[in-house]
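In case you want the letters, here they are:
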Amino acid sequence: MAIDTFADDWQQTSKADLTRRFMKLLLRAAMWAALLTAVFLTVFPFFWSLLMATHDRSTMFGSGLNLAIGDQLANNYQRLLDAMDFWVGMLNSFSVSVVGTAASLLFCSMCGYALAVFKFRGRNVLFTMMICSMMLPPILTLIPYYMVIDALGLTNTHLAVWLPFSINPFGIFLMRQYVMASVPKDLLEAARLDGANAFRTYWSVALPLLRPGLATLAIVQFVFLWNNFLQPLVVLTSSDKMVITQMLRSVQGVPNTPWGALMLGTFISILPLVSIYMLASRQMIHGLTSGAVKN
Amino acid sequence: MSTTKQSSVTSEPDQRWRRFWSKSTPYWFMSPYILIFGVFGIFPVFFMIFLSFHTWNPVQGLGSMEFVGLENYALGLTDPTLWQTLWNTILMALYSGVPQHLVALPLAFLLVQLGKRARHWLTTAYFLPYVTSTIAISMIFYIMYSRDSGIINQALMGLANWPVTAWAFGWLNHFLPIGWVQENSVIRYSVAFVVFWKYVGFNTVIYTAGLATISDELYEAATMDGASAWQRFRHIALPLLRPFIFFAVTLTIIGNMNLFDEPYVLTRGLQFASTNGMTVSNYLYRVAWEWLDMGGAAAISWILFVVIGIFTGLYFWFFGRRGLGGD
Numbered sequence: 001m002a003i004d005t006f007a008d009d010w011q012q013t014s015k016a017d018l019t020r021r022f023m024k025l026l027l028r029a030a031m032w033a034a035l036l037t038a039v040f041l042t043v044f045p046f047f048w049s050l051l052m053a054t055h056d057r058s059t060m061f062g063s064g065l066n067l068a069i070g071d072q073l074a075n076n077y078q079r080l081l082d083a084m085d086f087w088v089g090m091l092n093s094f095s096v097s098v099v100g101t102a103a104s105l106l107f108c109s110m111c112g113y114a115l116a117v118f119k120f121r122g123r124n125v126l127f128t129m130m131i132c133s134m135m136l137p138p139i140l141t142l143i144p145y146y147m148v149i150d151a152l153g154l155t156n157t158h159l160a161v162w163l164p165f166s167i168n169p170f171g172i173f174l175m176r177q178y179v180m181a182s183v184p185k186d187l188l189e190a191a192r193l194d195g196a197n198a199f200r201t202y203w204s205v206a207l208p209l210l211r212p213g214l215a216t217l218a219i220v221q222f223v224f225l226w227n228n229f230l231q232p233l234v235v236l237t238s239s240d241k242m243v244i245t246q247m248l249r250s251v252q253g254v255p256n257t258p259w260g261a262l263m264l265g266t267f268i269s270i271l272p273l274v275s276i277y278m279l280a281s282r283q284m285i286h287g288l289t290s291g292a293v294k295n
Numbered sequence: 296m297s298t299t300k301q302s303s304v305t306s307e308p309d310q311r312w313r314r315f316w317s318k319s320t321p322y323w324f325m326s327p328y329i330l331i332f333g334v335f336g337i338f339p340v341f342f343m344i345f346l347s348f349h350t351w352n353p354v355q356g357l358g359s360m361e362f363v364g365l366e367n368y369a370l371g372l373t374d375p376t377l378w379q380t381l382w383n384t385i386l387m388a389l390y391s392g393v394p395q396h397l398v399a400l401p402l403a404f405l406l407v408q409l410g411k412r413a414r415h416w417l418t419t420a421y422f423l424p425y426v427t428s429t430i431a432i433s434m435i436f437y438i439m440y441s442r443d444s445g446i447i448n449q450a451l452m453g454l455a456n457w458p459v460t461a462w463a464f465g466w467l468n469h470f471l472p473i474g475w476v477q478e479n480s481v482i483r484y485s486v487a488f489v490v491f492w493k494y495v496g497f498n499t500v501i502y503t504a505g506l507a508t509i510s511d512e513l514y515e516a517a518t519m520d521g522a523s524a525w526q527r528f529r530h531i532a533l534p535l536l537r538p539f540i541f542f543a544v545t546l547t548i549i550g551n552m553n554l555f556d557e558p559y560v561l562t563r564g565l566q567f568a569s570t571n572g573m574t575v576s577n578y579l580y581r582v583a584w585e586w587l588d589m590g591g592a593a594a595i596s597w598i599l600f601v602v603i604g605i606f607t608g609l610y611f612w613f614f615g616r617r618g619l620g621g622d
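Taken in sequence, the protein lines are chains A and B.
For the first sequence, this note's numbering begins at 1 and goes up steadily by one.
For the second sequence, this note's numbering begins at 296 and goes up steadily by one.
Treat each hint with caution, since some may be false.
Claimed, not checked - Here are the simulated lysine-lysine pairs, DSS-like style, with alpha carbons at most 27 Å apart:
#: 1; chain 1: A; residue 1: 24; chain 2: B; residue 2: 318
#: 2; chain 1: B; residue 1: 318; chain 2: A; residue 2: 185
#: 3; chain 1: A; residue 1: 119; chain 2: B; residue 2: 411
#: 4; chain 1: A; residue 1: 119; chain 2: A; residue 2: 185
These aren't lab readings, by the way, just hints derived from the structure by calculation.
Values in this document were obtained by computation on a predicted structure and should not be read as measured data.
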């Protein structure tokens with residue numbers, strides 16, 4: 001009797017188990033289908049821009065779905081160079097991003113260090129001001145930003161595009177947290193007793209310990225500056241100063257836009273960041289979400 | 296005696312000098328912030344109050360300023376385009392923001408069930424759009440949205456006419472080809488999709504990190520008690536994710552309030568479908584740099600400042616305390 005019910009039980013569970021396993025398999029398949037569809041939808045536009053870079057207007061705007069690789073890549077490169085000073089734009093973007101990132105690393109670490117290490121009159125006021133300015137939507141500051149740039153005679157200079165962002169309050173906050181977490185006070189005290197002055201202590205004792213924080217900030221700042229469009233649009237007016245985002249956009253308006261060439265330019269313009277991303281995706285994801293995710 | 300006196304004479308200014316240095320050191324370190332924020336942050340706010348009572352065409356220099364009193368504010372408050380663009384901004388924020396989080400949450404929940412390696416690769420793919428510039432992305436979508444030969448219309452046409460799928464999608468022929476960026480009726484969705492597409496990965500990463508903070512024991516205990524995957528998501532993950540959701544939604548709202556690049560490119564520099572496709576940022580740009588009415592733009596900025604301030608206050612009032620985890 002006991003054995004009988006046991007066998008019955010066993011059979012039942014195995015049957016239920018089987019359906020459960022099947023359901024599980026089905027669910028897993030559905031899950032992977034969803035995940036991979038999402039990957040496809042994410043990657044497709046990049047693939048598409050590269051494909052379009054091999055077509056010219058006639059094959060691109062021909063009727064029907066054209067999924068073949070065109071033969072216009074070399075011609076499109078020539079058209080791209082005719083349409084704009086492409087490499088000038090790339091170089092401008094590069095120099096703005098590099099100089100701006102370097103400046104913000106220096107300024108933000110200096111300020112973050114001061115906020116974390118020194119006690120001084122006005123510290124809380126400055127800190128509160130910083131946090132408040134973080135909440136201000138940038139569009140509201142666009143007009144005043146331009147007014148100051150104009151008043152200082154900085155229109156059409158690269159300085160105007162990176163200087164105001166070099167004291168990124170988020171960066172200062174980040175550096176402050178890093179200093180508090182990873183620079184021991186005893187070490188600073190020891191350096192001071194050894195006769196190092198304040199700047200020296202910051203530069204050769206604290207800064208090396210801040211490397212991970214600096215790397216995070218560098219990523220945030222470089223990506224922002226490379227991709228920035230609005231501020232350059234407002235202050236950079238001559239084509240020898242324009243950054244690449246601005247140049248690409250400005251060709252959109254001309255009649256008979258060489259779209260194939262423009263897609264090629266667009267693709268090349270995202271390559272630097274995308275290739276760094278391919279090499280160091282973990283660090284970049286971590287860096288770019290560090291404002292949102294504590295780690 | 297004389298020697299001690301002499302030494303005290305030389306050391307006193309020296310000491311004072313040293314004290315000055317040690318007292319002022321923090322301010323030297325803070326000087327980049329104080330200087331740059333003073334010039335680009337504080338001074339302009341006051342100047343903008345001043346400017347909003349004037350008309351100023353920047354091309355004609357500072358001398359062309361004229362006092363007009365409250366006229367700029369009156370014009371701004373009664374400007375239907377300002378309210379229309381504000382409405383556009385809010386709608387696009389909803390159309391892109393709501394699906395963003397509705398997709399990112401379950402996606403993150405799926406991702407954390409996977410092995411480390413699979414999760415890493417998928418996350419890398421999903422995050423890719425966030426790294427690329429909005430201008431580049433918008434240009435690519437502008438091509439894909441093209442009315443007569445864009446891939447999206449071509450694909451829809453294929454679906455509508457291919458015998459196998461025609462029975463289900465034949466009705467699409469009635470609408471095709473769709474002017475995704477030309478027609479006011481669809482432009483908001485077209486812009487919203489690009490925004491959605493760009494930021495889903497970012498939110499997914501935030502939620503994945505949030506889910507990683509929840510201990511496995513909780514899930515295991517729930518599974519032992521017979522909770523299904525949906526129940527675990529609904530009753531364990533979702534409540535514990537609340538602070539993350541609050542934070543991510545706040546970022547989405549802030550981002551959308553500043554939406555400029557995507558609509559600017561998709562409307563071809565505000566030429567196409569600009570009635571419904573223009574955001575407040577776009578409009579501000581148009582008033583200030585296309586119409587060269589800096590005074591008007593300054594007044595609009597202040598009006599927006601108040602409107603956004605009220606909305607932000609309400610948002611934090613209603614959701615802030617609960618969102619931050621307290622009760």
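Results for each hint:
Only pairs whose Cα atoms come within 27 Å are accepted, and residue 24(A) paired with residue 318(B) is rejected, the gap being roughly 68 Å. As the CA atoms of residue 318(B) and residue 185(A) are separated by approximately 18 Å, the hinted pair is consistent with the 27 Å bound. A threshold of 27 Å between alpha carbons decides the hint, and for residue 119(A) with residue 411(B) the separation of about 44 Å lies outside it, so the pair is violated. This hinted pair checks out: residue 119(A) and residue 185(A) have alpha carbons roughly 13 Å apart, not beyond 27 Å.
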